[in-house]
Amino acid sequence: MAGLSIQAARKSFGDTEVLKGVSIDVADGEFTVIVGPSGCGKSTLLRAVAGLEELTGGRILIGERDVTAFAPSARGIAMVFQSYALYPHLTVFENMAFGLRIAKADKDEIARQVKRAADILNIDGLLDRKPAALSGGQRQRVAIGRAIVRQPQIFLFDEPLSNLDADLRVRMRYEFAALHRTLGTTTLYVTHDQVEAMTLADRIIVLRDGQVEQVGTPRDLYARPANIFVAQFLGTPRMNVVPVTVSGATQAALADGRVIALPARAAPLAPGTRLSVGVRPEDIAIGAAPGALPHRIIFIERLGGLATLHLQGPEGSEPLACQLRDDGSLVEGDVVPVQLPPDRLHIFDTDGRALYGEARE
Amino acid sequence: MNLRRWSITLLAALVTLVTVAPLLWMLSVSFMAPGEAAQFPPPLLPKNPGLENYRTLFGTFGIGRFLANSLLVSTLATALALLFTVPAGYAFAKLRFKGRDATFRLLVAALVIPGQIGMLPLFLELKAMGLVNSYAGALVPWLAGIFGIFLVRQYCLSIPDEMLEAARIDGASEGQILRQIVLPILTPIIVTLALFVFLGSWNDFMWPLIVLADQDLYTLPVALAAMSREHVQDNELMMAGAVVTTLPVLLLFLALQRFYLSGLLTGSIKG
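First to last, the sequence lines map onto chains Z and U.
The opening residue of the first sequence carries number 1 in my numbering; numbering runs sequentially from there.
The opening residue of the second sequence carries number 362 in my numbering; numbering runs sequentially from there.
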């Protein structure tokens with residue numbers, strides 16, 4: 001096993017620069033998820049690590065080896081594709097054995113490796129079947145099995161769950177986590193699904209427009225997003241962000257003129273400074289309190305245990321989303337007092353960068 | 362409902378009869394005595410079925426030689442066509458190289474030029490190369506049919522790139538990918554193409570007539586045409602010749618029909 005280091009990776013297709021100098025380090029054995037909106041370059045980055053795309057600039061190191069110029073098969077990686085990419089004319093066994101056969105491995109060795117992978121994935125009963133006779137989840141397992149058989153130093157996953165139905169996706173997510181615990185192999189996993197990223201990753205890398213926005217543990221990224229993009233990309237419903245103007249040492253005025261309290265750690269801010277204040281829907285509290293702002297409930301999404309309230313303040317104010325336990329007592333049209341707890345607020349400057357005590361200069 | 366089914370069956374039977382009747386009569390006449398088919402009304406079945414016509418064909422006219430010639434030319438044409446068109450079609454669909462799409466567009470544009478227009482320049486070219494009056498000359502037009510390349514390319518486009526990339530990661534060379542992954546997937550279209558080329562070269566009359574001067578090199582259609590000039594009134598003999606020409610390809614078609622049909626349907630059915 002080995003770690004992975006991507007250094008200043010650049011990739012252009014014609015005039016379009018897809019990767020604009022991406023540097024990432026993945027520690028040995030770590031499960032790292034690259035997440036970002038479609039078109040952010042995350043799949044290109046993964047394919048570059050696999051050797052399926054040639055970089056325009058930069059280096060890729062696996063362990064201590066510079067593999068930038070290596071063929072895909074020489075890099076010590078295995079990749080699981082979104083479409084599974086199984087060979088349709090070969091049986092499950094032959095699919096999994098293909099790489100070893102190409103490498104002219106010993107017959108017994110091939111059988112042993114395939115058996116081992118099939119045992120891990122509980123597909124030993126399917127080895128004689130063709131891919132067409134398998135369900136989506138089974139195909140996914142075979143694709144993973146094919147990767148395991150290669151005994152790679154690094155697993156690469158390209159949106160492996162996006163073709164599965166919601167139910168199966170949840171189960172496979174759990175299995176991915178279990179698989180990583182069993183094998184302990186360094187893993188780079190690409191997805192656009194922030195839930196997958198949050199639940200699977202040791203570390204998340206948020207990519208946008210070919211650049212790294214932030215790297216950190218899921219908890220880190222959620223609690224201390226570096227900018228508005230990351231703040232809004234992780235978490236559903238997404239974080240509310242409203243523009244404010246500093247009006248005192250620890251207070252600011254909303255667009256409609258009402259005043260809210262800012263967290264003490266934000267101080268000191270010069271009055272008149274324009275900022276954005278972010279608050280996660282689950283951090284908003286409903287109930288009478290000093291400083292609470294009346295909002296009308298314009299729509300309620302009831303999810304069973306939880307409900308999302310869509311709130312509208314007076315003319316000129318930004319709508320807010322608020323998530324809370326649904327006791328059925330609230331109805332659309334009600335006007336409720338809304339509290340924005342100061343210690344739960346995220347403060348961003350006009351460029352969208354987060355202002356945290358120590359990071360603020 | 363029942364009536365509809367009956368009328369469809371009846372219609373199908375009629376169409377079948379119209380299609381098959383000439384073939385069956387051809388077979389029947391080939392067993393008749395000389396002059397028997399020229400009577401009026403023409404008899405459906407031979408009075409005294411015999412193999413006399415076939416004996417004349419294979420004995421006096423030595424049609425066995427031409428049958429062998431045709432088999433050789435068509436088999437070689439098919440093998441060579443597959444050898445060149447299948448990799449070419451795959452390359453045009455899946456490999457990245459400079460000028461790929463421009464070259465392909467040029468090829469497809471050339472499809473609209475009738476083959477007859479190319480015959481004279483091709484003949485002169487082959488003459489310069491010293492290939493006139495040889496099987497090599499007869500085979501040249503089949504080497505890389507644009508239609509075949511087009512057919513294979515279109516089919517290859519439906520192979521997902523990710524599958525080929527998976528094979529690359531598995532360590533397969535481009536040659537191994539073609540042989541072990543692409544060719545098995547292409548089987549239906551390869552059978553279809555083989556059948557097209559075999560039928561086309563088997564039935565081809567014009568080009569072998571132009572390029573083959575030596576009578577010993579004649580293929581069946583050319584030999585049969587030469588024969589019919591002398592024996593224009595010998596219907597029974599000509600029919601036996603037609604049977605010898607038609608039967609092999611008919612049997613080939615029936616044997617490969619299953620693949621051929623699945624090849625034709627592949628474009629329309631996903632996965």
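Just so you know, these hints were derived from the structure itself, not from any lab.
Cβ atoms here follow ideal geometry from the backbone N, Cα and C, with glycine treated the same way.
Treat each hint with caution, since some may be false.
[As the list claims (entries may be wrong)] Below, a list of computed lysine-lysine pairs in the BS3-like style, where the Cα atoms sit at most 30 Å apart: (1) Z/Lys130 / Z/Lys104; (2) U/Lys459 / Z/Lys130; (3) U/Lys455 / Z/Lys20; (4) Z/Lys115 / Z/Lys104; (5) Z/Lys104 / U/Lys455; (6) Z/Lys107 / Z/Lys130; (7) Z/Lys130 / Z/Lys115; (8) U/Lys459 / Z/Lys20.
[Stated by the list, open to error] Calculated from the model, a selection of chain U residues having no Cβ within reach of chain Z, i.e. all distances over 12 Å: (9) Leu412; (10) Thr464; (11) Pro521; (12) Arg529.
Run through the hints listed earlier and report the numbers of any the structure violates, in increasing order. 2, 11, 12
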